[in-house]
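Protein chains: 2
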Amino acid sequence: MRSGERLRVTLLAGGVGGAKMAEGLAAVEDIKLSIIGNIADDEAFHGLWVSPDIDTLTYSLAGMIDRVQGWGVADEGKRALDTLSMLGQETWMTLGDRDFGLHIYRTMRRNQGDRPFIIARDVARAFGIKAAIVLPTDDIVQTQVQTDAGWLSFQQYFVREQCAPDVRGVRFEGIETARPTLEALKAILTADVIVLAPSNPLVSIAPILEIPGIGEAVKAATAHKIAVSPFIAGKVVKGPADRMMASMGMRADALGVAQRYQSFVDQLVIDNEDATLAADIAALGVDPVCYPILMKDQTDKARLASEIMAEARKTLDAGGRA
Amino acid sequence: MRSGERLRVTLLAGGVGGAKMAEGLAAVEDIKLSIIGNIADDEAFHGLWVSPDIDTLTYSLAGMIDRVQGWGVADEGKRALDTLSMLGQETWMTLGDRDFGLHIYRTMRRNQGDRPFIIARDVARAFGIKAAIVLPTDDIVQTQVQTDAGWLSFQQYFVREQCAPDVRGVRFEGIETARPTLEALKAILTADVIVLAPSNPLVSIAPILEIPGIGEAVKAATAHKIAVSPFIAGKVVKGPADRMMASMGMRADALGVAQRYQSFVDQLVIDNEDATLAADIAALGVDPVCYPILMKDQTDKARLASEIMAEARKTLDAGGRA
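Sequence lines, in order, name chains H and F.
Per this note's numbering, residue 1 is the first one in the first sequence, and the count goes up by one each step.
Per this note's numbering, residue 1001 is the first one in the second sequence, and the count goes up by one each step.
So that you can see chain H by itself, here it is in the shape it has in the complex (with noise of 0.2 Å):
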C-alpha cells in the first residue's frame, strides 16, 4: 500500500450476505471499495434481465434495500406482475414496480448493445453508490442446480421451489467460454485486501472465482486475503449454503469453507461460536480470526468491516506489502 493513500479494498461477494458485506465496508472511511458482484444469478423473466445477486448488492449500497425481507426495494408495488399474472404469465419470481424499472433499463441498454459493466455502474452512480460495482464478466454464465428432478436454473431452484429439492451438483452454464472483465482484474491485481464476503462458496463466490482470469488473478494477486464464514454456529444465517455443502459431499462448517478457500485465502473470519474450529483451519494454513459476525443492522455490518479491515492493516504494515 502506497502511504497516503487510500486501501484499495475489493470485495468478492454474492447474495444477501454479500450486500451486507459491502454495505460494512462502505461504512468505513479511507478506503477506495471495489465490489466484485455475482452475475449467474440472473435470468430473463418476461423477456426482461433480472439480475437479482447485482440488483440486491445495488438497491443495498443506495439505502433502497427493503430491510425486513433483505433484498427488493423498500415501498414497493406489485401492479406490473399483477398484469403479467392476468396475461397468464408465471410470476413466482416477486418483481416489484420499482425494480421493473431497472430491468427495463437494464433490457433497453443490453438490447443496443452496451456492455452489462457499463450498464451497472451508470446504474450505480445514478442512485448515488459512491463503491465501484464491478460485473466479472459481460459474457451471460448462469447457475444451474441439479435435483433428482433434473436440472433447474438458480432461480428456479432457490425462489420456486424455495431450496426444498436435495442438490446433486451445481453447474455454472456459459462460463467455459466466458471472459472477464479488464475492470475485475484490476480491481483484483491491484487491491491491498481482497475480502470475500460471508457468501454461499458454491452458488455466490464459485461462479466469481470460476469465470476464467478470474481465480487465477485472486491466486495471484499480492493483496491481503481475508474470507468471511457464511457459517455462525454451524449454521448458516440465511440461504441453503449449509444443505448445499452437505449434499456436494463437503463439511458444511467455517472448517468447510477454510478448506473450500486454503489454496488461496490468508484469514478466515469465523464467529467466536466456531472458536473450536480455528485449530483445525490454522492446521490448513489458514489464520483463523475470530469475531461477532452476525450482521443484524448497519452498525453490525459497519463493525465487522473495521473489524476486518484492522486484521488487514495488521498484516500489511507488519509485512510491508505493496
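Source of the hints: derived by calculation from the structure; they are not laboratory data.
None of the hints are false.
Here are some, though not all, of the chain F residues that point toward chain H, as calculated from beta-carbon distances under 7 Å:
id : residue
1  : Met1086
2  : Ile1104
3  : Thr1107
4  : Met1108
5  : Ala1126
Label pairs and their computed distance ranges (CB to CB):
id : chain 1 : residue 1 : chain 2 : residue 2 : range
6  : H       : Glu216    : F       : Asp1139   : 44 to 54 Å
7  : F       : Gly1088   : H       : Ala27     : 20 to 30 Å
8  : H       : Gly88     : F       : Ser1247   : 43 to 53 Å
9  : F       : Ser1247   : H       : Ala74     : 48 to 58 Å
Idealized CB from N, CA, C, for every residue including glycine.
With chain H held as given, fit chain F onto it using these hints.
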C-alpha cells in the same frame, strides 16, 4: 344480413372517442362486434413497445380504464417510471405500473416473433373482452406530425408537446409497405355495418384506411357505412382534430368530416347542435342523422350505439342487404 344471425358490426376506431364508441357498441346486444384499432400511435419507450390506441380500447372494453382521465388504467402506480426517471430516462410519456405489465408482455411476445394481431387478441381475451380487437396490420406504421420545429412522433406531439405546435403536415411512416391483416380485411368485407368512430379523421382513422388494401376493402364492402362526427357545435370533445383540420386547409366541423368521408360513407351522425350543416352534408350524398352525440357516461355511449344500430337496421331492412 342472414336472418337469425347476429348483425356483424365492424368499428374503425382510434383515440378516446374510438374507445367510447367501442364501449357503446359492446353494450348493444345481438351484434357481433369487431373493432379495427389504430396502431400508428405505437412507439417504443424504454425499449418496450407501447400501443396507446389499442390499449385505450382494451382497457376501456375490459372496464379497467381510468374513467377520470379517459386513458390508462384505474388504480395505477408510477413506481417503475420513478426508477426510470432516477436512471436518467425521459419520462414525459406517462406509463403506469399496471400498464407497464402489458408493455412488457407485448414486447416479449413481439420479440418471440408472435404476430401483433395475435398478441392483441390474446390480451383482449385475457382481459375478458368479448368483442374482437383486430389490428389492421402486423407491420409498423408510425404517425409523424410536421411542425415548424420539424417532424415529431405522434406521442412527442400529443403528449410531450401537448398538441401545442401548429401542424403543417401528417405522414404515416411505413404505411406504403404495410400489409393489411387478413382478419381486418375479413371483418370489413363480411360486415353488415361498418361504423367510423368519432375519432380524429387525420390521425386516428386515416392511418387505418390508408394501409394498402384497407381503404379499398372499406369502399368495396357491401356493408352499411355510417360515420359519427367527432365535432359537437363545431368543436371537438377532446384532442387536436379541429386545429389539425383547420391548419391542413380542411373545414374543421361536421361538414369537413362529411367531405372527408363522402366517397364511401352512407350516413354521418352529427350532433343536434350541428343540424344547420345537415343540408350541406346531404348535398354531398351523405345522409345526415342528427342526434345528441356527446358520450359523457356509459348510458350515453350505449344510447348512441343503439341509435346507430337502429339507423343501420332501418337501411338494411329497407335495402335487403346481403
